[in-house]
Amino acid sequence: MSLDKEKIKHVAKLARISVDEAKVNSLTKDLNSIFKFIEQLNELNTDKVEPLTSILNQSLRSRKDEISDGKIREKILKNSPKENEEFFVVPKVVE
Amino acid sequence: MADITNQSLNEIIENVKTKKISSRELTKAYIKNIENAKKLNAFVTTTFDQALENAKQFDNKPNFDQLLPGIPLAVKDLFCTENTKTTAGSNILNNFIPSYESTVTKNLWGNGSFLLGKLNCDEFAMGSSNETSHYGNVINPVGDQLVPGGSSGGSSSALAADLTPATIGTDTGGSIRQPASFTGTVGLKPTYGLCSRWGIVAFASSLDQAGPMTKTIKDCAIMLESMSGFDEKDSTSINKKKEQYSKNLKDNIKGLKIGIPKEYRVDNMPKEIDELWEKGKNILKDLGAQLIDISLPHTKYALPTYYIVAPAEASSNLARYDGVRYGYRSKQGKDLIEMYEKTRSEGFGDEVKRRILIGTYVLSSGYYDAYYLKAQKVRQLIKKDFDDSFKKIDAILTPSTPSSAFKIGEKTNDPVSMYLNDIFTVPVNLAGLPALSLPAGVDKKGYPLGLQLIGKALDEQKILNIGYAFEKNCGFKNEIKKWWS
Numbered sequence: 000m001s002l003d004k005e006k007i008k009h010v011a012k013l014a015r016i017s018v019d020e021a022k023v024n025s026l027t028k029d030l031n032s033i034f035k036f037i038e039q040l041n042e043l044n045t046d047k048v049e050p051l052t053s054i055l056n057q058s059l060r061s062r063k064d065e066i067s068d069g070k071i072r073e074k075i076l077k078n079s080p081k082e083n084e085e086f087f088v089v090p091k092v093v094e
Numbered sequence: 000m001a002d003i004t005n006q007s008l009n010e011i012i013e014n015v016k017t018k019k020i021s022s023r024e025l026t027k028a029y030i031k032n033i034e035n036a037k038k039l040n041a042f043v044t045t046t047f048d049q050a051l052e053n054a055k056q057f058d059n060k061p062n063f064d065q066l067l068p069g070i071p072l073a074v075k076d077l078f079c080t081e082n083t084k085t086t087a088g089s090n091i092l093n094n095f096i097p098s099y100e101s102t103v104t105k106n107l108w109g110n111g112s113f114l115l116g117k118l119n120c121d122e123f124a125m126g127s128s129n130e131t132s133h134y135g136n137v138i139n140p141v142g143d144q145l146v147p148g149g150s151s152g153g154s155s156s157a158l159a160a161d162l163t164p165a166t167i168g169t170d171t172g173g174s175i176r177q178p179a180s181f182t183g184t185v186g187l188k189p190t191y192g193l194c195s196r197w198g199i200v201a202f203a204s205s206l207d208q209a210g211p212m213t214k215t216i217k218d219c220a221i222m223l224e225s226m227s228g229f230d231e232k233d234s235t236s237i238n239k240k241k242e243q244y245s246k247n248l249k250d251n252i253k254g255l256k257i258g259i260p261k262e263y264r265v266d267n268m269p270k271e272i273d274e275l276w277e278k279g280k281n282i283l284k285d286l287g288a289q290l291i292d293i294s295l296p297h298t299k300y301a302l303p304t305y306y307i308v309a310p311a312e313a314s315s316n317l318a319r320y321d322g323v324r325y326g327y328r329s330k331q332g333k334d335l336i337e338m339y340e341k342t343r344s345e346g347f348g349d350e351v352k353r354r355i356l357i358g359t360y361v362l363s364s365g366y367y368d369a370y371y372l373k374a375q376k377v378r379q380l381i382k383k384d385f386d387d388s389f390k391k392i393d394a395i396l397t398p399s400t401p402s403s404a405f406k407i408g409e410k411t412n413d414p415v416s417m418y419l420n421d422i423f424t425v426p427v428n429l430a431g432l433p434a435l436s437l438p439a440g441v442d443k444k445g446y447p448l449g450l451q452l453i454g455k456a457l458d459e460q461k462i463l464n465i466g467y468a469f470e471k472n473c474g475f476k477n478e479i480k481k482w483w484s
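Top to bottom, those sequences are chains F and L.
Per numbering that gives the first Met the number 0, the first sequence starts with residue 0, numbered consecutively.
Per numbering that gives the first Met the number 0, the second sequence starts with residue 0, numbered consecutively.
Keep in mind that a hint or two might mislead.
[As the list claims (entries may be wrong)] No more than 27 Å apart at the CA atoms, straight line, and that leaves these computed lysine-lysine pairs for BS3-like:
#1 F:K8 - L:K232
#2 F:K77 - L:K376
#3 F:K70 - L:K232
#4 L:K406 - F:K22
#5 L:K84 - F:K74
#6 F:K81 - L:K84
#7 L:K333 - F:K8
#8 L:K376 - F:K35
#9 F:K77 - L:K246
None of these hints come from the bench; they were simulated from the model.
Whole structure, please, built from the sequences with the hints as guidance.
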């Protein structure tokens, strides 16, 4: 299958990445060559194969549902591009 | 004393322990080397003042029982370091100062070492030549205009140029082993789960693994011992007893069975790589190992599988970079969605965007089964190939890379040709196994070439032992002229 420009713009929208109109052509070419390479997998019949979901022989550990740290608001806000007192600030969402 | 920065980590540790050099003198020697090596562009950030302060503290109250007593270390800029900028090679993290320390670096500092600086890498570790970094190309000390490999390219360059006595990288599809091979150094990707992923900027969580990059096998064992270990904060961390890799290093490999997979002899492989592989086999045979032909029939499907699994996980992991809580935020964008889109478009480079788009597509509605599920099934087959083979052998010997270091710009226009660099390294990540890249020779241009030893899960000691015996008998010496200073 091949990816056309409209499909790529749609995927970019899903990924929340704006793509320059000028770059769509080269991106389409690159992604199509990558997908051509990926689609070698279709040579293999995998009907009876279980998908591998973990390479570890152990299952994920669970822990007690209790607070182990906290009171680090300042540390968390320290790297924010824009904050106001104790909140992250984003462009207006609701009119 | 004379310059000791060209010595191995192990030798340097001995010199510190016997008080031939102080930690402060050692640190100053590396700072001088780093200042003279700006052309290599291996560092994104240096922490000289803090390093000198740490060295002073060590000298005032030395503890020589530690594994890394008073040793300054530079690390890949993918490890979060408390109060030191961590960029992951990306513009989107150009102002990110973590308030926490990654477990792996914390382990290193806990064994007596301290931070010298942060090393350049491909953006979010996505690349095989260090050319995707927002902070510029890194130069391979082997030759001007040569790439140092990637994604741990700043790490391999700094190590080979004597800018750090040892270092650490991360390896998702070959990012430790390929740069090690390109610079004539040792690189180990440990078993998935041996080193904690906590505090490492995530790329593809089911494949990412941190590991040592060093000049010798002994150094590699010391570093692995220092950095590995169970961590509650990583849900995939393996809970097992800590090994003493350096103390248990042995060079007797008599009777070990070494598998030689026929699928690693790929089309158009340069003759020199084939000859190197032959040389490696002969060395192991002379040391008493037994060579056994094996087959890993799904090898050719490893890269296509990787280019579904890794971008899928990356697209999910990198969703967090939205310009809200940390990192870069675009000045444009009238509303929230547009702010996200502009931030991510301006903050990520082309290769990262490509991979996010691939990942988003293969996970999107209607395509999941055809791509992602298919890749998970093939991944199972690839793992099974290794499981079957390891019933009758101890380790596998292959080339590390299909070529030596290439020139900057040589492969940037064709993503697939760049991806093919990882053809021998990627299967190991998919199967979660440990693998070591060993310097083994040079090609006719004089550029280093590496061989790869793959082990069973958690069999690091065995591949280190084979590497140790190999190193003693291979006669490889990394002859790098310091043309940059």
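Structure versus earlier hints - violations, ascending order: 1, 2, 9
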